[in-house]
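**Student:** Chain by chain, the residues run as shown.
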Amino acid sequence: MSEREASLPPAHVRRRMYELMTLIRSCDERVRRGLSSGEFACTYWPATGQEAIAAGLGAALRADDLLVTTYRGLHDQVAKGVPLGPLVAELLTRTTGVNKGKGGAMHIAHPPSGLVLSTGIVGSGIPIAVGVGLAAQLRGSGQVAVASFGDGATGTGSFHEAINLAALWRLPVVFLCQNNGYAEMTATAHAQPVAAVVDRAAGYGIPGERVDGNDPDTVHGALARAVERARSGAGPTLLECTTFRLWGHYFGDAMTYVPAEQLEAARLAEPVARYRARLLQDGVLEEAVAIEIERQALEEVGAAFAAALAADRPEPEEAFVDVYGERSGVMA
Amino acid sequence: MTIHIRIPKLGMEMTEATLTKWLIDDGAGVAQDQALYVLETDKVESEVTAPVAGVLRRIGREGETYAVGELVAEVLEALARPGEDP
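As given, the protein sequences belong to chains W and L, one line each in that order.
For the first sequence, my numbering begins at 110 and goes up steadily by one.
For the second sequence, my numbering begins at 34 and goes up steadily by one.
Take the hints with a grain of salt, since some may be wrong.
[Unchecked claim] Example chain L residues on the side facing chain W (calculated, C-beta under 10 Å, incomplete):
| id | residue |
| --- | --- |
| 1 | Met34 |
| 2 | Lys42 |
| 3 | Leu43 |
| 4 | Asp66 |
| 5 | Leu69 |
| 6 | Asp75 |
| 7 | Val77 |
| 8 | Glu80 |
| 9 | Ala83 |
| 10 | Pro84 |
| 11 | Val88 |
| 12 | Gly102 |
| 13 | Leu104 |
[As the list claims (entries may be wrong)] Chain L residues, not near chain W, derived (Cβ > 10 Å throughout):
| id | residue |
| --- | --- |
| 14 | Asp58 |
| 15 | Ala64 |
| 16 | Ala68 |
| 17 | Val71 |
| 18 | Glu78 |
| 19 | Arg90 |
| 20 | Ile92 |
| 21 | Glu95 |
| 22 | Glu97 |
| 23 | Thr98 |
Simulated from the structure, these hints should not be mistaken for lab results.
The structure presented is a predicted model; accordingly, all values stated were derived computationally and were not measured.
Glycine residues also receive a C-beta, built at the ideal position from the N, C-alpha and C atoms.
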C-alpha cells in the first residue's frame, strides 16, 4: 500500500463524500436555473466549486457537533445534514422552511442538525462559534464547534478576538477558512499582508494547516486531525482550504474582476468531476453506481423544489413571532 | 420542452431592468450556464445564463427596460446535455 492509499479515508466515507458533493452541486444548479429563468427570486451566493470542503466537513464531524457558517452556506448546510426539503423551502422563503421562511438564504439555522447559524455579516459567525465551543466545554459534552468562513473574514477584528480567546481557553473549536481567492470582488492578495491565511495561526500559538480544498480526501484528513485535537481538549486549529467560487460572489456576478486565465484554470480544477474520476480509478465507485448517485441527487433536489414552490409564504403578521424564545420578564 | 426566460429579480428592491446586450444570436444553440444576455439595473450589471441547453428564441430587445418576471426569451431544450449521448 502506497503512502497516499494508507492516508485515504475508507471507501464508504469516500462514497459518502461523493454523494454529498453531487447533492450540493445538483441543488446549487437548480437554484441558479430557477433564478436565471425567472422561475423564482431569492438572494443567492453560489457554492459551486466549494463542495469538497463541505463533503470533508460532513464526513469528519459527528452528528451532534456544531457548525456556524455564512451566507455562502448551501454546501455546508447540506453536508451537516440539514434536511433538503426544509432547507430549500427556506431559500425560497416558504413557511415549510427550517426557519418558517423568515430567515431566507442568508440566515439558515437548524439546531437539530447541529447547524447553529448562518450569518450575513463577514466575520460575524466566528465569535459565535467560539461561544458555542465554550458552552460545549462547560457542559463537558465532547462536542466540537466549527466556524466556517471565507478569506475575507480573516481581516476582521472578530476573527482575531475569537481565535485569541479560543486559543487562550483551549476551546474545542476548529477554524475552517474556505479561501476562495476573493472577498466579494477583492482578490485575497490585495487584502492580507501574509502569504497565506494559515500563517496567522502562529500569532495565537495554535497549529495551522493549509490544504487543497478541492480534494475531499485531503480536507477530510486535515479536518479529522483538527476535530480530534479539539475534542481531546488540546484546543483549536486554523485550517485553510484553498478553493474557488466558480459563479462569483452573488448570482448574476459577471466576474469582470477575475482574470480569464484564472477562471479557466479554476473550472478545470473543479472538484466534483475530479473526485468522480478518481473514485472510478480507485475502484471505489463503478460507473453505474456513480450514475445512480447522480440520478438520486437530481430526484431528491427536484422533489425538494417542487414541494417548496407549492408551499405558502409567511404572512406579514408572522414577522414578530419567534423573535424571542420567551418574552416574559425580558421586556416591559 | 420550451423553457421560458423571464427577467430575474436580482435584488430585494429590484422591480425592472434593462436588457443591454444579447450575447447569443437569435436561433443559435446555447449550452447550459452559457451567458445569454447582459442585464443592467440601477445597482449592478449582470450576465444572465442559460438555465438549460437548447436553441434560443429571443423576444426581448436590446436597450429596452422590462419589469421583473417579463418574458424575454425561450430556450427550446435540447434532448441531451452537451457531452452526453442523446
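**Student:** With reference to the structure, classify each hint as holding or not holding.
**Tutor:** Do the hints match the structure? See the list:
Interface hint at L/Met34: violated, since its Cβ lies 12 Å from the closest Cβ of chain W, which is beyond the 10 Å cut-off. Hint status for L/Lys42: holds, given a least beta-carbon distance of 3 Å to chain W, under 10 Å. For L/Leu43, the suggested interface contact is upheld, since its CB lies about 5 Å from the closest CB of chain W, less than 10 Å. Below 10 Å, beta-carbon pairs count as interface contacts, and L/Asp66 has one with chain W at about 8 Å; its hint therefore holds.
About 8 Å separates the beta-carbon of L/Leu69 from the nearest beta-carbon of chain W, less than 10 Å, and the hint is met. Below 10 Å, beta-carbon pairs count as interface contacts, and L/Asp75 has none with chain W, the closest being about 14 Å; its hint is therefore violated. Interface hint at L/Val77: satisfied, since its Cβ lies 7 Å from the closest Cβ of chain W, which is below the 10 Å cut-off. Using the Cβ-Cβ criterion of 10 Å, the hint placing L/Glu80 at the interface with chain W is satisfied: the shortest such distance is roughly 4 Å.
At its closest, the beta carbon of L/Ala83 sits 7 Å from a beta carbon of chain W; the interface hint therefore holds under the 10 Å criterion. Given the 10 Å rule on beta carbons, the hint for L/Pro84 holds: about 4 Å separates it from the nearest Cβ of chain W. Violation of the interface hint for L/Val88 is found here, the shortest Cβ-Cβ separation to chain W being roughly 15 Å, above the 10 Å cut-off. A distance limit of 10 Å between C-beta atoms decides the matter here; for L/Gly102 the minimum to chain W is near 6 Å, and the interface restraint holds.
Residue-level restraint check for L/Leu104 holds (minimum Cβ-Cβ distance to chain W is 8 Å; threshold 10 Å). Every CB of chain W is more than 10 Å from the CB of L/Asp58 (nearest about 19 Å), matching its label as outside the interface. At roughly 13 Å from the closest C-beta of chain W, the C-beta of L/Ala64 stays outside 10 Å, upholding its exclusion from the interface. Taking the minimum C-beta to C-beta distance to chain W, about 8 Å, the non-interface status of L/Ala68 is violated against the 10 Å cut.
Separation of L/Val71 from chain W is inadequate, the least Cβ-Cβ distance of about 8 Å not exceeding the 10 Å criterion. Under the 10 Å C-beta cut-off, the non-interface status given to L/Glu78 relative to chain W is violated; the minimum distance is some 7 Å. Even its closest Cβ contact with chain W, about 14 Å, leaves L/Arg90 beyond 10 Å, as expected for a residue assigned away from the interface. The Cβ of L/Ile92 lies farther than 10 Å from every Cβ of chain W, with a closest approach of about 12 Å, so its non-interface assignment holds.
Distance check on L/Glu95: its Cβ is at least 17 Å (rounded) from any Cβ of chain W, clearing the 10 Å threshold; non-interface status holds. Against chain W, the non-interface label of L/Glu97 holds: every CB pair exceeds 10 Å, the least being about 16 Å. Remark: the non-interface label on L/Thr98 is consistent with the geometry, its nearest Cβ contact in chain W lying 15 Å away (cut-off 10 Å).
The structure fails hints 1, 6, 11, 16, 17, 18 (numbered hints given earlier, in ascending order).
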